[in-house]
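Those sequence lines, one after another, are chains G and F.
Going by this note's numbering, the first residue of the first sequence is number 1, and it counts up by one from there.
Going by this note's numbering, the first residue of the second sequence is number 1001, and it counts up by one from there.
None of these hints come from the bench; they were simulated from the model.
You may find that some hints are simply not true.
Only pairs whose alpha carbons sit at most 35 angstroms apart, straight line, appear in this in silico DSBU-like list of lysine-lysine [stated by the list, open to error]:
id, chain 1, residue 1, chain 2, residue 2
1, F, K1332, F, K1317
2, G, K80, F, K1212
3, F, K1238, F, K1332
4, G, K80, F, K1020
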Amino acid sequence: MDLEVPRPHPTPTSQPFWDGLAREAVCIQQCDDCSAWVYYPRVRCPRCLSARLSWHDVGATGVIHAFSVARQATSPHFVKEVPQLLAIVELDAPCEEVRITTTLVDIEPDAIAIGLRVVPVYDHGADGVTLLRYRPAG
Amino acid sequence: MGLRGDAAIVGIAEYRPERKFSGTPTFSLEQWADLAAQALDDAGLDARDVNGIACAHDVRESGFFVPATVAEYCGFRVNFAERLDLGGASSVGMVWRAAAAIELGVCDVVVGAVVSRPRPLDPTPGPIDPRVYFGSSSNEWGSPQAEFDIPYGNLAQNCGYAMIAQRYGEQFGYDQRAIAKLVVDQRTSACANPDAVFFGHPITIDDVLNSKMVADPIHMLEIVMPVSGGAAIVIASKDKARRSRHRPAFVTGFGEHLTHKTPTYMPNLVETPVGPAARQAFAMSGLTPNDVDCVELYDCYSITALLSIEDSGFCEKGEGMAFVREHDLSYKGDFPCNTHGGQLGFGQAGLAGGMSHVTEAVRQLRGDVGERQIAGCDAVYVSGTGGVMSEQSALVLQGA
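The following block holds chain G by itself, in its conformation from the complex (with noise of 0.2 angstroms):
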């Protein structure tokens, strides 16, 4: 059974996140009232619920805050990928507070650690969306 990986679908409000990537550029939102750097895009700031976010462009790098190597696919759509790589990235300040989900590209399974310098490899689909995954620094 080959089943295709799922691609993200961009929503009204998320659709400057991902025309940010498509110019290889992270771009996310920041609460105006509270100052709380907001990931995943939405429309009201998860600490405070002002309404009031406005966009920036952010240097994307940061480091693996914890990740895992898949070796048995996390679903059917996967069989392809494994051993996936999976992470979860913490930017660098001012964003800190701001975490990611992403694959790792460009690295071998066993030089996966936690602390690790990571930089942003944009990953252009041919549906028109790139998505946002890293590779160690350096």
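Got chain G sorted already, so can you dock chain F onto it with the hints?
Structure of chain F alone, referenced to chain G:
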């Protein structure tokens, strides 16, 4: 704040978990009615006494209006109707909601059930719903998971628990042999429970560590075995409990806490929501973690049980591995944890896996579990976990 402790679990019923179902398939509603009847019989109560029901999201014949469907099917006339959507925490959630409703005086006999036996094959099957491949992750358009997690392969349960385990190891150290010992101790208890799927199958630490790596650092034997099954409980007022057939298990404390669905967005990956839930449950009951005679901790994965030991207050944060090394967690030990074998040893029958911790606590308080009985068991702590440490609930149950 909280319960007076005037409601009690007075009836239980449970289908024996089976890896390969040996019976005749029945509909969820049929299983619900069957288990409800068995639990009422166990309580010594009549179906006409029922005036409250607590259901979950596992009644397959009815995606919506579940309590109304169940009430109609079973002939119940109820003043309290709940449909829980807390995954593995639904069973614990049912208990405290029922107890609260009883103490408020809106009902005095509540039946709750979770059902997970196979259903008959549909004679007119439609196309396979693509949602089945996403498990409890939502791939609906507009769902945060569909947009920001699933496209990267972060879905279902294994990888989330694995990432939490990795993070835990980074902060506090990861002793593979200790966490494997937790699985082994629970298997020891499963071997004293003829109903457990792994009855008669003891294992060693090396067996756990030699089992297939599923998602680093989690091995196959650290993950529950899906089985068929189901369970029901009857919760009743003190008046009704006084006349019940068995020693009632009074609900003296509860807590519940949730903050996220996907671990990426947890406030802190290694401080799990059961912490605030447990603190509330103990404060309400007037007991401390030292006062309970055994614990029944939700254990979909070894790391879930380990973090629940820590965050429920049975040891300091970060000392769970040492705690497991230093204590015998089997029914024979100095920290009896998951005396029925846990779901790791008993099997996970869908949402009924979470109920198995509740039914075991009730049985321990009744004093009728045979070989695995804890001597003089008067107080039990129970936890429930749904999603990926997403929704967690806690109970303190006490014998009269």
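Results of checking the hints against the structure:
Taking the CA atoms of K1332 of chain F and K1317 of chain F, the gap is about 25 angstroms. The hint holds against a cut of 35 angstroms. Only pairs whose Cα atoms come within 35 angstroms are accepted, and K80 of chain G paired with K1212 of chain F is accepted, the gap being roughly 19 angstroms. For the proposed pair K1238 of chain F and K1332 of chain F, the alpha carbon gap of about 32 angstroms is at most 35 angstroms, so the pair holds. This hinted pair checks out: K80 of chain G and K1020 of chain F have alpha carbons roughly 30 angstroms apart, not beyond 35 angstroms.
Checked against the numbered hints given earlier, this structure breaks none of them.
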